[in-house]
Structures are given as C-alpha cells and as structure tokens.
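Construct the complete structure from the given sequences, taking the supplied hints into account.
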Amino acid sequence: MDFKNKVALVTGSGRGIGKAIALHFAKRGADVIINFFRNRAPAEETAREVEKLGRQALVVKADVGDLDDLSRLFDEVNKKFGGLDIFVHNAASGYNRPAMEQKPRGWDWTMNINARALLFAAQHAVPLMEKRGGGKIVSISSAGSGRVLPDYVVVGASKAAIEALTRYLGVELISRGINVNAVSPGVVETEALNHFASMGGQENIIQKFIEMVPAGRLITPEEVAEVVAFLCSPAASMIVGQTLVMDGGYTLPISK
0 MDFKNKVALV
10 TGSGRGIGKA
20 IALHFAKRGA
30 DVIINFFRNR
40 APAEETAREV
50 EKLGRQALVV
60 KADVGDLDDL
70 SRLFDEVNKK
80 FGGLDIFVHN
90 AASGYNRPAM
100 EQKPRGWDWT
110 MNINARALLF
120 AAQHAVPLME
130 KRGGGKIVSI
140 SSAGSGRVLP
150 DYVVVGASKA
160 AIEALTRYLG
170 VELISRGINV
180 NAVSPGVVET
190 EALNHFASMG
200 GQENIIQKFI
210 EMVPAGRLIT
220 PEEVAEVVAF
230 LCSPAASMIV
240 GQTLVMDGGY
250 TLPISK
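Note that numbering that gives the first Met the number 0 gives residue 7 to position 8 of the sequence shown, counting from 1, and the numbers run on in steps of one.
These are computed hints drawn from the structure, not numbers from a lab. It is possible that part of the hints are untrue.
[To be verified] Here are the simulated DMTMM-like pairs of lysine to aspartate or glutamate, each with C-alpha atoms no more than 20 Å apart in a straight line:
(1) 3 to 50
(2) 79 to 50
(3) 207 to 150
(4) 130 to 75
(5) 26 to 48
(6) 60 to 50
(7) 60 to 48
(8) 26 to 225
The structure displayed is predicted, hence computed values, not measured ones.
And the structure:
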C-alpha cells in the first residue's frame, strides 16, 4: 500500500500500537503527526524514526479529551501541512475497577479521551480532508465494547461508544469522500502488557492469554498497523462504518 505524500495524524503515537501505526505509514511514504499527552521523550523518538525514513514528522502535545487542546492539535496540523488525509484515533485511557467503585471523574476522563474525542476530532478533521479530496478515519476499539472483561466497565462503555460513533460518522461522511471505520484487536503484545504481566506475581499471565487465543499467539502492534493501513487504502473504499475484529479467534469460543 502506497501512502506517498499523504498526511497522517495518529493520536497517542509515542509508543505501542500508535507508534507502530505511525511508522507503518511513514515507511509507505506518509508524513506523520505524532501526538502525545504526558511523555514527550517516546514521541520525540518516534518522530526521529519517521524522519530517518525520509518523511516529515510533527510532534504535538495535546490532551485529546480536552476540547481546546483537540482544536489546537488540528490547528497545528493545518498550519504545518495545510490539510489531512488520514486520522487514526488511537489515544485511550481509563480507570479499571469494578462498576460499584467507579467515580464520576473517572467516567468523564475515560469517555472524553476515548469516545468524545472521536466525534469532535472528526469535526476538525473533515474540513482538512475535504481540502485534499477526501480522507480516512480509523479508531482503535477493543473486545470490551461487546464482551464483559474484568473491571473494564467504563473503558468498555467508551469503546462501545466509539463503535456506535463509527457507524454514524461512517454513514454521514462517506458522501463527502471520507471513510470511517474501526479496528478491534484482541490482546496485543506491547510494553504495557509486559509491564502488567510483571506485576503481582502474574509472570505467566501472557501465556494464559496465549492459551485462550485459537491462533496460538498474541497480536503484534505491526499487525494492527497493517489492518489500519488497509482501511486507509483504496481497496477499502466500500467499507463504511464497520468495526473490523482481529483477535486470532479470541472472542469466538464460549469457553476454553
């Protein structure tokens, strides 16, 4: 897939899945906007890797859950590139705890970053994409949007909202030349997962995850990036408002 001279904004792209997506687009010719909120160093490192590939990189600190920050992020994109071809809503956060222990602040924080940001980012992205004849919007969801995962109630609700927004935006924006879709990966092998596995004497948790996946292994960030790129290619022009599940069969068995 060729993205030569395309402009791609990937939120939360300093590390993990977001970094893999940003580098995937850069390797295929796109200039990339690297967004982060708390940790600048990984974002700067991602930008350096993009530039080593011969592409332009713009690093923007912005909390996508804050509407003023979100607006400034797109202003920076417009100022630097004058338009946008691809927007990947990858940034996510949340409080993992039982439903009876959730607080209003945690609900607002999670929903604003994970779900509200998609709607209002799309409002900013569309005019920039129309300048370039259309575009692609892809969000990262998760199995918790439709399945019950431990202590995942608020994040799961936010991911369900993402998938609903994907359907509504997909139908509304396709007439303007903009495809909107989502990708729902299973368990992805990232630094965050390795950190979680090392806590609380749960060194074998990754192996337990693997045993639950019919494909027999975890998903890599690069594999997620490839599916995102596919949804941003001409081959996916008739895929509208869909959530593409890529989990090695993880969510299909009732039990194993």
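Do the hints match the structure? See the list:
Only pairs whose Cα atoms come within 20 Å are accepted, and residue 3 paired with residue 50 is accepted, the gap being roughly 14 Å. Of the supplied pair hints, the one linking residue 79 and residue 50 holds, its CA atoms being roughly 15 Å apart against a limit of 20 Å. In summary, the hint linking residue 207 to residue 150 is supported, as the alpha carbons are separated by about 18 Å, within the 20 Å threshold. In summary, the hint linking residue 130 to residue 75 is supported, as the alpha carbons are separated by about 16 Å, within the 20 Å threshold.
In summary, the hint linking residue 26 to residue 48 is supported, as the alpha carbons are separated by about 10 Å, within the 20 Å threshold. Straight-line distance between C-alpha atoms of residue 60 and residue 50 comes to about 18 Å, which keeps the hinted pair within the 20 Å bound. Pair hint residue 60 plus residue 48 holds up; C-alpha atoms about 18 Å apart against a cutoff of 20 Å. Of the supplied pair hints, the one linking residue 26 and residue 225 holds, its CA atoms being roughly 12 Å apart against a limit of 20 Å.
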